[in-house]
Each structure stands twice: as structure tokens, then as C-alpha cells.
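> Chain by chain, the residues:
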Amino acid sequence: SAVISQKPSRDICQRGTSLTIQCQVDSQVTMMFWYRQQPGQSLTLIATANQGSEATYESGFVIDKFPISRPNLTFSTLTVSNMSPEDSSIYLCSVARQTGSYGYTFGSGTRLTVV
Amino acid sequence: SQQGEEDPQALSIQEGENATMNCSYKTSINNLQWYRQNSGRGLVHLILIRSNEREKHSGRLRVTLDTSKKSSSLLITASRAADTASYFCATAFGSGGGADGLTFGKGTHLIIQP
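Chains as they are written, first to last, in my numbering: chain W, 1 to 115; chain Y, 1 to 114.
No lab work stands behind these hints, which were simulated from the structure alone.
Certain hints may be false.
Chain Y stretches covered by chain W per the calculated footprint, using a threshold of three residues with CB under 8 Å from any CB of chain W [stated by the list, open to error]: (1) 10–17; (2) 32–41.
Distance condition first, Cα-Cα at most 30 Å in a straight line; then the derived DSSO-like pairs of lysine-lysine [claimed, not checked]: (3) 106/Y <-> 56/Y; (4) 106/Y <-> 7/W; (5) 65/W <-> 7/W; (6) 26/Y <-> 70/Y; (7) 70/Y <-> 65/W; (8) 106/Y <-> 69/Y.
For glycine and all other residues, C-beta sits at the position ideal for the given N, C-alpha and C.
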């Protein structure tokens with residue numbers, strides 16, 4: 001199954017600034033998924049990133065706040081823009097293992113604290 | 001909103017005992033998956049059960065699925081201290097072709113007392 005390298009692993013940022021999170025996959029994948037995990041909570045899907053097209057955002061998430069790039073089949077970035085303390089969360093990327101019928105592989109997560 | 005509801009939200013047992021976690025979901029699914037998360041890090045895929053399966057085993061893990069009740073259970077037998085983690089169920093709505101994101105339950109935080 002795919003191996004995902006996600007960075008940074010953690011960061012502390014000032015409110016009003018932006019942070020870009022990167023995920024590199026060791027094989028080509030069609031879809032990449034971005035999740036947010038707020039403190040003590042479960043994971044919520046932010047968006048699905050397909051190479052060559054605009055990302056598809058879930059309800060409650062907008063492109064201006066969470067712009068996503070997918071320049072090729074092995075790489076994606078998620079930017080958290082104009083951050084506020086409410087954006088403090090763990091952000092994770094994920095890809096399907098093989099066809100998705102075997103589960104999904106996750107990056108190690110980025111723990112973001114906004115002060 | 002979250003698809004799955006899990007109970008218990010927290011579970012503390014002695015090492016060697018069995019741990020059972022339950023998950024309920026609301027809509028039709030293609031498959032249901034269980035993941036483990038250690039200390040707020042990345043998730044590790046444990047096991048996947050398809051909608052046409054009723055029970056599946058993997059090592060010390062046993063998963064059941066009841067589509068009529070829209071529920072699943074994860075049993076960890078002979079628990080170890082290393083099993084201490086948060087466990088999440090997750091469902092996929094689509095065809096299983098890897099084109100769909102997952103919807104996660106709220107999770108169960110399992111603590112294994114030595």
C-alpha cells in the first residue's frame with residue numbers, strides 16, 4: 001500500500017497568517033483526501049483533491065479558507081488561510097489503498113496550534 | 001454531521017481482557033472500516049468489512065456488521081497495553097473504487113491498564 005509523507009508534523013502560527021501542509025505519496029493515486037480533526041473530536045472530511053481539476057469541498061468548507069493544490073498524481077497541498085484559534089486542529093491527508101476496497105492510508109498528521 | 005455513533009466513548013479495562021466497541025451508522029454503505037489512532041497521530045487501518053459480509057477476523061480483531069440494524073462491533077481479544085489508543089469506525093458511501101472520502105464515527109478511547 002502507499003506510503004504518505006506529510007509535513008510539517010506540527011506548527012504554532014500567529015492568527016491571521018497562513019500555513020501550507022504538504023503530502024507526498026510514494027505512488028500515483030487518483031484521489032487524495034484532506035481531513036480535519038478538532039481537539040478531542042473525530043475526523044471530518046474537508047475536501048477531495050483530483051489531479052487536473054478543482055478540489056471538491058464538503059459542506060462547511062470553502063476554497064478561500066482551505067485552498068488545495070494537486071499538481072500531479074503524487075503530491076497535494078492544503079493551505080489553512082487567515083488562521084484563527086478555531087483552526088487549531090490536526091490536519092491529515094489520505095489516499096485509498098489500491099481501489100479503496102482495502103481501506104485507506106493516512107499521513108501522520110499536522111498538529112496546528114494558532115495563537 | 002458524523003455518520004457514525006460509537007459507544008462507549010471511553011473504555012478502560014485490564015490487560016488480558018477483551019474490549020468491545022460498537023458503531024452505528026445512518027445510511028447505506030459499501031463497506032465499514034475500523035481505524036486506530038495513537039496519541040492524535042495518523043490513523044492506521046485495522047480491518048474492512050463489506051456490506052455483504054457479516055463477520056471478519058484479523059489476528060486478535062473480530063468485526064461484525066449488521067446492515068439491518070446499521071451497526072458494527074469491534075472486538076479486541078486478549079488486550080495488551082499497546083492497544084491503548086482511539087478507535088474509529090468509518091464508512092464509505094460509494095462504489096468502493098477509492099473515489100470517496102470516509103465519514104467517521106466519534107470514536108472510542110480505549111485504555112488498557114497493566
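> Run every hint past the structure and note whether it holds.
Here's how the hints hold up against the structure:
no.	hint	in the structure
1	10–17	violated (count 0)
2	32–41	holds (count 4)
3	106/Y <-> 56/Y	holds (22 Å)
4	106/Y <-> 7/W	holds (25 Å)
5	65/W <-> 7/W	holds (19 Å)
6	26/Y <-> 70/Y	holds (7 Å)
7	70/Y <-> 65/W	violated (35 Å)
8	106/Y <-> 69/Y	holds (18 Å)
The structure shown violates the earlier hints numbered 1, 7.
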